[in-house]
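Number of protein chains: 2
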Amino acid sequence: MFTKPTLILDEAKCRENIEFMANKAKRFGIDYRPHFKTHQSREVGQWFKDYGVTKIAVSSVPMAQYFAADGWDDITIAFPFVKQQADTLNGMAGSIHLNLVASSLKNAEDIVSAIIRKVNVLIEIDAGQGRTGLQPYDLESIDSIIKLLDQSEQTEFTGFLTHAGHSYGVSARDLMELNNQTISRLLPLKERYSNAIISYGDTPTSTICEQFLGIDELRPGNNVFFDMQQASNGICSTEQIAVGLACPVVACYPERNLVAIWGGAVHLSKDFFIDANGNKSFGAICKLNSDGSWGQPIDGLTLESISQEHGMVRATSQDLLQLISEDDFLIVLPAHSCLTVDNMGAFWVNGKGSLSTMVNGEKSS
Amino acid sequence: MFTKPTLILDEAKCRENIEFMANKAKRFGIDYRPHFKTHQSREVGQWFKDYGVTKIAVSSVPMAQYFAADGWDDITIAFPFVKQQADTLNGMAGSIHLNLVASSLKNAEDIVSAIIRKVNVLIEIDAGQGRTGLQPYDLESIDSIIKLLDQSEQTEFTGFLTHAGHSYGVSARDLMELNNQTISRLLPLKERYSNAIISYGDTPTSTICEQFLGIDELRPGNNVFFDMQQASNGICSTEQIAVGLACPVVACYPERNLVAIWGGAVHLSKDFFIDANGNKSFGAICKLNSDGSWGQPIDGLTLESISQEHGMVRATSQDLLQLISEDDFLIVLPAHSCLTVDNMGAFWVNGKGSLSTMVNGEKSS
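So the protein lines, in turn, are chains B and S. Number 204 in the numbering used here belongs to position 204 of the first sequence; there are no gaps in the numbering. Number 311 in the numbering used here belongs to position 311 of the second sequence; there are no gaps in the numbering.
These aren't lab readings, by the way, just hints derived from the structure by calculation. Treat the hints loosely; a few may be bogus.
Claimed, not checked - To give an idea of the interface, some chain B residues facing chain S are shown, with a C-beta separation under 7 Å as derived from the structure:
id	residue
1	V82
2	Q85
3	I96
4	S104
5	L105
6	K106
7	E109
8	P248
9	A251
10	P254
11	N257
12	W262
13	E309
14	L339
What the hints assert, rightly or not - Taking lysine-lysine and the DSS-like style, the derived pairs with C-alpha atoms no more than 25 Å apart in a straight line are:
id	chain 1	residue 1	chain 2	residue 2
15	S	K190	B	K106
16	B	K106	B	K118
17	B	K280	S	K280
18	S	K270	B	K280
19	S	K106	S	K190
20	S	K270	B	K270
21	S	K147	S	K190
22	S	K280	B	K270
23	S	K26	S	K49
24	B	K280	B	K26
25	B	K287	S	K106
26	B	K147	B	K106
27	B	K118	B	K26
All residues carry an ideal CB built from backbone N, CA and C; glycine is no exception.
Pulled out of the complex, with its shape left as it was, chain B reads as follows (with noise of 0.2 Å):
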C-alpha cells in the first residue's frame, strides 16, 4: 500500500476528537478557539467548521497568513509578538481580525509603535508553567501595558491569555488540583479587569477537567489527534489517538529479541514516553490493517531507541516477534503527535489520498 513512512490520520477519531471538545465547549458556555499548530493542515482545519469552530489559534505568523488564506478571520498568535514580523501582521491586520499577544512590556511598546492597523492585544500570563508571559501579581506591568494600548487608536485590550504547559508531564488524577491552582490565579485579573477576557486550555486540562470559573474562551491543540504521551498520562485512550506512522519493517533480529523499522528522528522527532512496563519508548507498536486502520498498542514491543531513519524495536519475548515478518509495515502511534505532524509535513486518509500541511512537502529522507 505504501512505500516509505507515512504519517496515517483516521478521520473518524479526528472528528470524534473536534466534536467532543465542541460539546465540552458548548456546554460550559465557552468558546472553543482551538490551536492548529498540532494539524498545520487546510483540508483539517475546514473539518472543524463542521462543528461549529469559526475562531482559531496558531502559533506563528507564517501560520496565520497561511489559514488566512483559507478563509479563517478571527486568528490569535499565541505567541509573543514577533517585532521582525511586523510589515506581514501589517498586511493581515487589514483583512482579518488579529489578535497578537504582548508577553512582556516591551512586547506591548513594539506592537504600538510597529502595527499600523486595528489588532486585538492579549496580555500573556505566566499561571504556572514558568516560560513566557508576566506574572499575574505584577499588576503595575499590566496597569502599564493596558494603558500603552489604550493610549494607541489601532490596539486594542482584550484580556489575558494563559497556557498551562506545566499540565503535560501530570497524570489525570493530579490534574484537577492544577487546573483549580492555575484559574485560581487568573481570577483577580478578571476582577480587576472587569472587561477582559480569559483565553486558556492546553490538552489535558480542557480535556479531563470540568471547572473553568471565568475562563472564556479553551484553546487545546493536540487533542484533535491525541498521542502517547497524553495516553500514558491517562488524558486520552490510544483508541483516540488519530495519528499513526506506518513504518516498513526493514529487519528482524529475533535472536536479539528486536526488529529494525524505516522510521527514525526525522520522522517522528525525538520524544519519548514511559510506556506501562516503566521503559521509555519514543512510540507505541500496532499491526497495520489494509484499510489503513491499526489495532491496539501490542503489550511487550517498545520502541526503543530511534536514529536519524533507523527505528528499533525490542519485544519482551520472541514470540512477539512471531507476529511480525520483512513484508510487514507496522504502525508508531507517535510519543508526540505535534512534532511528528511537523515533521512529516503530509497526511494519508482513507479515501482522500494524500492532505499537506503548511510544511509542504512529504518527508521522503
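Following the hints, put chain S in place on chain B, whose structure we already have.
Same frame as chain B, but now just chain S:
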C-alpha cells in the same frame, strides 16, 4: 537581516571540516565516502568535489535519487534494503554504481529476488552498537548471504559495512579503545573473505582515531557541520561547528533570569547535550554578528527547554541578560545538527543567500 528562525551555514568552517577528513583519509590511504544525510544539500555536496570526493553514502532511497539526479554516480545506501523501494532502485541501478546493504539474510533474499539490474551489495555487520546488521561471528549466515549473491548475475558481493554508532556517547579519551575493539571484530572477516572491503566510520572515530587497520573506506557524515553533542564529548571544538540557528529574541524576563527566543522543537528537534556545568541544554547560545558569523558560546547561558516554537534560555546571572535585548537575534549551535538541518530544510550562506535541501522548503512555522 532575518525575520524568522534561519539556519546559517558558515561555508569556510564547513569546507575546513571536509578538507580535514579528505586529507586524513588520504594520509591513511583510505577512500573517503562522506555520508550526505547530515547536509542533504546539492550545493553542499558539490563542495566535496573540491576535495576529491567522488563516492558518497546516503540513508534512504529518496536521498539516493536526489543526489543521483545531481550527477553522483557511486552511491551507497547505508540502510537495510527496503523491499518496497525496489522499483526505484531498479531505475537507478541502470545508470549509476549503486551499493545496497543486506542487514539480514532475508534482506539478501529480497535483493536477489527484487533487483533486476547490476548492483553491489555490502553485508552490514553489527560491530558493537546493537542496532542493525549481522553479528560478526555469525559466519553461517554471512556465508549463506555471499552464496546467494554469487548465484545471481545482478548482485555482486563487495564487502562489509558497519556503523559504530555506540561511539556517539563516548568521550574522546575512551574512543581509541572503542575503535580498536570495533575494528578487531571486523578483521577476522577481512581475513576470511579476502577481496571484501570494509566500510567504516562514524564521526567520532573518524575524527579522533589514528588506527584504521583493514579499513577501506571512511563514511562519516556529521563532521561536515559538527554540533554541541560532538563538542561536549571533545570530538570537535565549538569553533568547528558550521551551522547555527539564528533566533529572534521575543521576550526578556530578567527577574526570572530567562529569555524567550523563537526557536523550538520544530526547528532544533529535541536532542540535547550536557554542558560544561552539567546542565541539559538543547543548544549553545552565541551572539550573532552583522555579517552572519557568530561568537563563542556564552558561558552561563543554557537553552533549558524547548517546546514547539519557544526556546527558553536560562542565565546563571542577571548580568548576562544585559547582553541581550528583545531586538536581538541569538545564535543556537544545535545539539544535533543532522536533525536541525532536516527540520529546517534550507541554509542561509553569506554571499549566496538561501540554499534548499532535499527536504525542500524552509520551515516557515
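Going down the list of hints, with the structure as the test:
1. V82: Result: holds, 6 Å to nearest chain S Cβ.
2. Q85: Since the shortest Cβ distance to chain S is 6 Å, the answer is holds.
3. I96: Constraint on I96/B not satisfied, violated at 18 Å.
4. S104: 4 Å, holds
5. L105: With a closest approach of 10 Å, the L105/B hint is violated.
6. K106: At 5 Å from the nearest chain S Cβ, K106/B passes the 7 Å test, so the hint holds.
7. E109: 9 Å, violated
8. P248: Because about 5 Å separates P248/B from the closest Cβ in chain S, which is inside the 7 Å limit, the hint holds.
9. A251: OK, holds: A251/B within 7 Å of chain S, min 4 Å.
10. P254: 10 Å, violated
11. N257: 11 Å, violated
12. W262: 6 Å, holds
13. E309: 5 Å, holds
14. L339: Holds, because the Cβ-Cβ distance from L339/B to chain S comes to roughly 6 Å (cut-off 7 Å).
15. K190/S <-> K106/B: 66 Å, violated
16. K106/B <-> K118/B: Holds, at roughly 19 Å.
17. K280/B <-> K280/S: 18 Å, holds
18. K270/S <-> K280/B: 15 Å, holds
19. K106/S <-> K190/S: 23 Å, holds
20. K270/S <-> K270/B: 5 Å, holds
21. K147/S <-> K190/S: Holds: K147/S and K190/S sit about 17 Å apart, inside 25 Å.
22. K280/S <-> K270/B: Given pair K280/S, K270/B holds - Cα atoms ~15 Å apart, limit 25 Å.
23. K26/S <-> K49/S: Distance of about 14 Å is within 25 Å: holds.
24. K280/B <-> K26/B: It is violated: about 38 Å lies between the C-alpha atoms, which goes past 25 Å.
25. K287/B <-> K106/S: 20 Å, holds
26. K147/B <-> K106/B: 13 Å, holds
27. K118/B <-> K26/B: 29 Å, violated
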